[in-house]
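In order, the protein sequences belong to chains A and B. Mapping of the first sequence onto numbering that gives the first Met the number 0: position 57 corresponds to residue 56, and the numbering continues sequentially without gaps. Mapping of the second sequence onto numbering that gives the first Met the number 0: position 12 corresponds to residue 11, and the numbering continues sequentially without gaps.
Each hint can be trusted.
Listed next, the in silico SDA-like pairs over lysine to any residue satisfying Cα-Cα at most 25 Å (straight line):
{"hint": "1", "chain 1": "B", "residue 1": "K173", "chain 2": "A", "residue 2": "D126"}
{"hint": "2", "chain 1": "B", "residue 1": "K116", "chain 2": "A", "residue 2": "G50"}
{"hint": "3", "chain 1": "A", "residue 1": "K16", "chain 2": "B", "residue 2": "G9"}
{"hint": "4", "chain 1": "B", "residue 1": "K174", "chain 2": "A", "residue 2": "E115"}
{"hint": "5", "chain 1": "A", "residue 1": "K173", "chain 2": "B", "residue 2": "E120"}
In case anyone wonders, no lab produced these hints; they're calculated from the structure. Predicted, not measured: the structure shown is a model, and the values here were computed from it.
The residues making up each chain are set out below.
2 protein chains.
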Amino acid sequence: MSRICVLRLGHRASRDKRITTHVCLVARALGADECVISGDFDPKIIETVRGVVARWGGRFACHYEENWRRFIAEWKKRGGVVVHLTMYGINLPDIIERIRKDWRSGVDILIIVGAEKVPREVYDMADYNVAIGNQPHSEVAALAIFLDWLFQGAELSKEFENAKYRIIPQQRGKKVIRLLR
Amino acid sequence: MSRICVLRLGHRASRDKRITTHVCLVARALGADECVISGDFDPKIIETVRGVVARWGGRFACHYEENWRRFIAEWKKRGGVVVHLTMYGINLPDIIERIRKDWRSGVDILIIVGAEKVPREVYDMADYNVAIGNQPHSEVAALAIFLDWLFQGAELSKEFENAKYRIIPQQRGKKVIRLLR
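With these hints in hand, go ahead and build the complete structure from the sequences.
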């Protein structure tokens with residue numbers, strides 16, 4: 000089974016705290032297996048994400064990586080492909096089928112989302128530079144739509160094993176059940 | 000033609016600056032017509048969004064609204080429908096076709112995304128409480144996927160009139176052209 004990892008590049012503790020948290024939670028909720036944070040070391044985010052996993056289930060992993068260059072290089076060396084989400088890349092509808100083909104054939108996929116400015120070498124190391132529409136918007140949104148297109152909506156009905164809580168969808172109001180293990 | 004407006008509820012200037020900015024930029028990039036911010040008055044975000052519109056085109060409007068209750072009530076009085084995005088709602092795949100039907104029939108759609116805690120009356124005022132998967136993640140991601148499903152991907156190829164800049168999609172690197180008017 001293909002492994003999907005999200006690499007958050009260039010996290011700045013001062014500015015990106017909430018955006019990076021959203022990146023990690025979107026990665027988990029929409030079917031990725033792992034999120035790796037690079038940039039400033041910010042253990043609070045990792046704690047927050049692990050707390051969500053403890054309550055809401057699944058096997059999602061989250062950790063910090065100091066050397067992103069080596070991390071990407073090793074991913075490629077092990078045969079994984081690298082997708083960099085950037086507004087300058089090829090628009091998603093024009094490239095998704097090729098990436099889905101990689102995924103279906105069991106290749107691991109690393110999805111890179113940058114904070115402010117991404118070094119040129121990331122564009123060069125990526126197998127695919129992919130735009131989610133060629134307009135400025137949000138790496139959180141870009142990641143969400145990329146995963147949704149990759150999995151073709153199936154991720155929205157994903158079950159999370161070992162969850163303590165589960166939501167029962169309601170037309171109005173909130174219903175959360177506590178699961179016994 | 001149906002009008003799509005995003006209402007960002009409960010903005011806190013201290014915490015939500017970047018998330019609310021992303022909400023507005025996603026609304027614009029993915030085909031909404033307008034974003035209305037409620038909560039703390041934070042003119043810097045509105046300036047940022049208007050700056051993006053000036054450079055990247057389109058007719059997207061962004062403004063502050065003090066009285067969100069009245070805003071929602073008036074939207075409904077004028078025949079518009081209200082969609083509230085919440086992890087507790089009906090999962091998107093189970094409800095999107097009904098909302099698309101409203102949209103195709105020309106009904107205006109207000110999409111509400113809250114910051115931390117959304118008052119119960121919002122759940123009651125909404126015609127649809129919609130979850131983008133029933134897991135905790137991000138209002139930015141929820142809005143992005145909702146718009147993408149509503150427009151079925153067509154929004155990713157939207158042209159923005161009166162843009163000063165346009166990206167020419169590249170396999171590697173960045174190419175932006177300056178448009179003459």
